[in-house]
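Work the whole structure out from these sequences, hints included.
One line per chain: the protein sequences are A and B, in this order. According to this note's numbering, the first sequence holds residues 1 to 184 in order. According to this note's numbering, the second sequence holds residues 1 to 100 in order.
Worth flagging that the hints you see were computed from the coordinates, not collected in a lab. Treat the numbers as computed from the prediction; the structure is a model and nothing was measured. Wrong hints could be hidden among the right ones.
What the hints assert, rightly or not - Derived SDA-like pairs: lysine to any residue, alpha-carbon spacing no greater than 20 Å straight-line: (1) B:Lys85 to B:Leu28; (2) B:Lys26 to A:Lys123; (3) A:Lys123 to B:Lys51; (4) B:Lys85 to B:Leu39.
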Amino acid sequence: MIEAIAFYTFATLTIAMFTITVMSKNALYAMSALAAGMIFISGFFFLLDADFLGVVQIIVYTGAVMALYAFGMMFFDSTKDVKENNTSNKVVFLLSGMSALLLVVIFVAPIISDKVQALYPMKEGIGNAEAVGIVLFTKYLVPFEVAAVMLLVAMISGIIMASKRMDESLTLKDDDEIQEKAVQ
Amino acid sequence: MITLSHYLVLSAILFCIGLVGILRRKNLLMLFFATEMLLNAVNIGFAAISKYYMDLTGQLFAFFIIAIAASEVAVGLGLLIIWYKRVGSIDLDTMQSMHG
Chain A
1 MIEAIAFYTF
11 ATLTIAMFTI
21 TVMSKNALYA
31 MSALAAGMIF
41 ISGFFFLLDA
51 DFLGVVQIIV
61 YTGAVMALYA
71 FGMMFFDSTK
81 DVKENNTSNK
91 VVFLLSGMSA
101 LLLVVIFVAP
111 IISDKVQALY
121 PMKEGIGNAE
131 AVGIVLFTKY
141 LVPFEVAAVM
151 LLVAMISGII
161 MASKRMDESL
171 TLKDDDEIQE
181 KAVQ
Chain B
1 MITLSHYLVL
11 SAILFCIGLV
21 GILRRKNLLM
31 LFFATEMLLN
41 AVNIGFAAIS
51 KYYMDLTGQL
61 FAFFIIAIAA
71 SEVAVGLGLL
81 IIWYKRVGSI
91 DLDTMQSMHG
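If you want it as structure tokens, here you go:
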């Protein structure tokens, strides 16, 4: 019972927050709604007995990714209203509605799901974080190391790209100067 | 009783909200937000399958997706800042250089 209440509460909140993110014209509102949606999604992970995943979701997404977006937003003019793409709403909603229907049909169709067997079954008496660690550092050690190298590469490239010409201020210049820069 | 289908349908709904965002946004920062939503929707599906089939593989895939999302944001935001410094706008329309 408590599971159903929690599921429907989180589902409503997440869908509402993501809808705000998609529909809002203000970049700041969109970012705050996205951060809230991420927190509510971690609620699903706790509900699904994936405690470690839920904690990682809060730390990485809401802590790191959202903070990065907030810092990145300081470079852009975020108080201005966001201009929308001028494709007609009818086409957009038709396309995404059809893909939603297709996804639901694919997910609900019980064709393959009967034959699925657990590759690394969960054992009794082992906590979630411990079980994840055991599988991650035995079966998935190579992908884990590759992911670590990928994060290192991403960090170095992010630092180098963002710090280029950081001493020049964009807000104190006239539009003409920026245009001249663009021409060069 | 909440079954696997509930979670998968929710995952599909969130994925499609993200899809609407990708289709109707012009601002590149907003497109990044929509991408994050797509990745998160898939993560919910993976975690749900992981629970209902008693298999840890789904959770591990979700971890790798989170790692990919984190590095995507770092590189993408760096490129976006360079683009904004050069052009002064992060609209998608400024990116087209071929006039066909």
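Return the numbers of the hints above that this structure violates; sort them in rising order.
Structure breaks hints 2, 4.
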